[in-house]
Every structure is written in structure tokens, then in C-alpha cells.
Amino acid sequence: DSGVTQTPKHLITATGQRVTLRCSPRSGDLSVYWYQQSLDQGLQFLIQYYNGEERAKGNILERFSAQQFPDLHSELNLSSLELGDSALYFCASSAAHGDIEYGYTFGSGTRLTVV
Amino acid sequence: SQQGEEDPQALSIQEGENATMNCSYKTSINNLQWYRQNSGRGLVHLILIRSNEREKHSGRLRVTLDTSKKSSSLLITASRAADTASYFCATAKGAQKLVFGQGTRLTINP
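Line by line, the protein sequences are chains A and B.
For the first sequence, position 43 matches number 43 in my numbering, and the numbering has no gaps at all.
For the second sequence, position 58 matches number 58 in my numbering, and the numbering has no gaps at all.
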């Protein structure tokens, strides 16, 4: 157990639907990062939050959004789902906002299948 | 586009042999990190090397960094079946997020 909790572990949904992925960071970590991993694109950075505020944005589609709540857990919302959104979605956390001292701690991921 | 590019994409060796994976990157960095991912699981942080360091060891792992060539290598000595996994390098610059390469898939044959 890495200390980063992601739910659900698996999700199967139909095209056009909306889903919410949830992440609880490791205790004490203020930064949360979301990554998408697919076979053809590798690990793609989506978005970062630090202590409730958005800090960096990557290749995140407009159909996707995220937020970090006061208790530091984060949710990634994916809407108008397409077949190509099928992927593993990882959440990672770190203590730092600046120079990354010790690396990220990853959750075990949510496997999203869009049918 | 990815910052780090691993080489080779796949590597298959016999148990007990050493495994070497390489990573090249494009821009200046503060540090470079290596992660391991078992099939379908989350990534596990292995080792971090700062831009002012040339070599670092952790158990059976040895990482080198050549900032002039913008490259790094990860050596796993005396490989074991449990080392079978994908290995990713990731680069960091200041407060920016980690950017991962495409990974090397390592298979250790018994």
C-alpha cells in the first residue's frame, strides 16, 4: 500500500457518459497529480493541484476537469466519454510544490473502459 | 511529446545477468528519477539523481547521469525474476511536473 488511494479500481461505462475518479493523497502530501496511461501515448500528465489550487495543466481535454478539496482529496471528472478515453488513470502525490525532493507516490490506478 | 526517451524499448535477459537501460532527455533538469511499474499497477519510485550528481547507488541499482549528453542509465545487477517490470525515467525542472518517457519493458527469464 503506497498510501495513495484511488477509487474505483475498475470502471466500465458507455460512450457519452460521465464518470468521477477519486484520489486520496498520502498523508501530509499537498500536491496531487493526475496522469493518463494508454498503450499508444504512454504516461501523459493531465493536471496538478497544490493545497487546493490548480498549479499546472498538461494535455487535459476540455471534457475533463479536476479539483482538490479542503481535505486534500482530489477528483477527476471525465465527461462525454469516447472510446479513446479508455486508459489507466493514475493519481500521484508529493509533499513538495517546488523542487521535487523525493519523487512521487503513485496510487494503483483506475482502469477505465469505455464501450 | 515526452521529455525522456528510454532505450531499449524492450530487454530480455537471463536471471543473474545485469540489465542496463538508458534514458535521454531534451532540456535542462533539476533531477532525474527512475520508476518501476509492474504490469497494470502503479509506478514505484526507485531512485532520484540530482543534476549536480554523476552517480548514485541504491541496493542493486546504479544510476548515472551525464548532463552534458543529457542522458542517464539505470543498471540493475544480479537480476531476479521479480525485477520483471517496465522501467521509466522521469525528469523534473523546478516546480514543474514530472515528465515520463515511454519506458523499457524488462523481462528476466529464469
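Bear in mind the hints are in silico, worked out from the structure with no lab data behind them.
Some hints here could point you the wrong way.
Lysine to aspartate or glutamate pairs mimicking DMTMM-like chemistry, simulated, CA-CA at most 25 Å apart [stated by the list, open to error]:
(1) Lys56(B) / Glu17(B)
(2) Lys57(A) / Asp71(A)
(3) Lys93(B) / Glu53(A)
(4) Lys69(B) / Glu53(B)
(5) Lys93(B) / Glu55(B)
(6) Lys26(B) / Glu53(A)
(7) Lys56(B) / Asp83(B)
(8) Lys9(A) / Asp29(A)
(9) Lys70(B) / Glu53(B)
(10) Lys26(B) / Glu5(B)
(11) Lys57(A) / Glu5(B)
(12) Lys93(B) / Asp29(A)
(13) Lys69(B) / Glu15(B)
(14) Lys93(B) / Glu54(A)
(15) Lys70(B) / Asp7(B)
Checklist entry - Looking back at the hints listed earlier, which ones does the structure fail to meet? => result 6, 13
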